[in-house]
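Chemist: Given next are the chains, with one letter for each unit.
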Amino acid sequence: MGETRPLSPTGRLDLRTAEGELTRAENVYEPAVDIYETAEAITLLVDIPGADPASVEVDFQDDRLRLRAPVPVHEGGTETILSREFYPGVYQREFVLQIPVSPDRIEAHLKDGVLRLVLPKAQGPQPRRIPVRLE
Amino acid sequence: MRPMRLRARHRGGLAPWPELMDLRREFDRLFDQLWRDVWGTVEGGTAELYPPINLSQDADHYYVRAELPGIDPQQLELLVDGRTLTIAGHRDTTAGLEQVSWHRRERPSGAFRRSIALPGDVDQSRVEASYRNGILTVVLPKAEAVRGRRIQVQVG
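Respectively, the protein sequence lines represent chains S and G. 1 is the number of the first residue of the first sequence in the working numbering; add one for each residue after it. 1001 is the number of the first residue of the second sequence in the working numbering; add one for each residue after it.
Covered stretches of chain G (in silico footprint by chain S; criterion: 3 or more residues with CB under 8 Å from a CB of chain S, positions within the stretch not fixed):
{"id": "1", "segment": "1053-1059"}
{"id": "2", "segment": "1097-1111"}
{"id": "3", "segment": "1131-1138"}
Think of the hints as simulated: they come from the structure by calculation, not from any bench. As the structure is a prediction and not an experimental result, all values here were calculated from the model. Beta carbons are placed, not taken as given, at the ideal position from N, Cα and C, and that holds for glycine.
Just chain S, with the same shape it has in the complex (with noise of 0.2 Å):
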């Protein structure tokens, strides 16, 4: 499109999605990110302002998490810009996760931009330290 793309304020600028190169040129953003865990379970809470919330999409497999939230135009069809901070452009994060969790218990939450993903930690069998005895 020959556009300059400027780094968006809420993360770097990266044009190549998981699988690769985007077919087509689109802004692409990593999201700012907060993550805690509690004793029941991790917790994401991402800074998406501006995405639609119909068609922000949350994928788990394979202990990867995955994040896409596409940013429309917030301008209305007569108006000229003047100065621009951010742009449209899609939302995108992957994250690798290092505890397991319940794919089927998670939950997402969208409040005035910010994504809040619960993911519950694995119940069951959880592995033991085997005391090794000296003999």
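Starting from the structure of chain S, add chain G where the hints point.
Modeler: Okay, now just chain G, sitting in the frame of chain S:
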């Protein structure tokens, strides 16, 4: 929340010349001041102005949009003074989360204040603001004198 600061530290070894120490202190002080000027007291994120802002216009209005996810719009302070729009507020990303274990914190948190210069005068009494999906949109009707009238071209 304390602002995030970088401090030059002297890590032992041979002490640098006293003049260098003064210079370093002065540099630290200037850097801190610059950090505060640019970033206010917001912690985290990158050293850029917060919130990011887009400015646009059509024939009758100026439009100011800001990326402000996860804030309470009722707590936001919006001021129009002449040709200046000021957006101020605070964001607390750790509210209610004192007992958790953090793996990563990237989202900006803290107080912010930003003033935007508008290209022309506005009708202050009719400014409207809305907040949706984390985007604040402020619509400022242009003052009558600024709007410009379409001039009919007489033919003949």
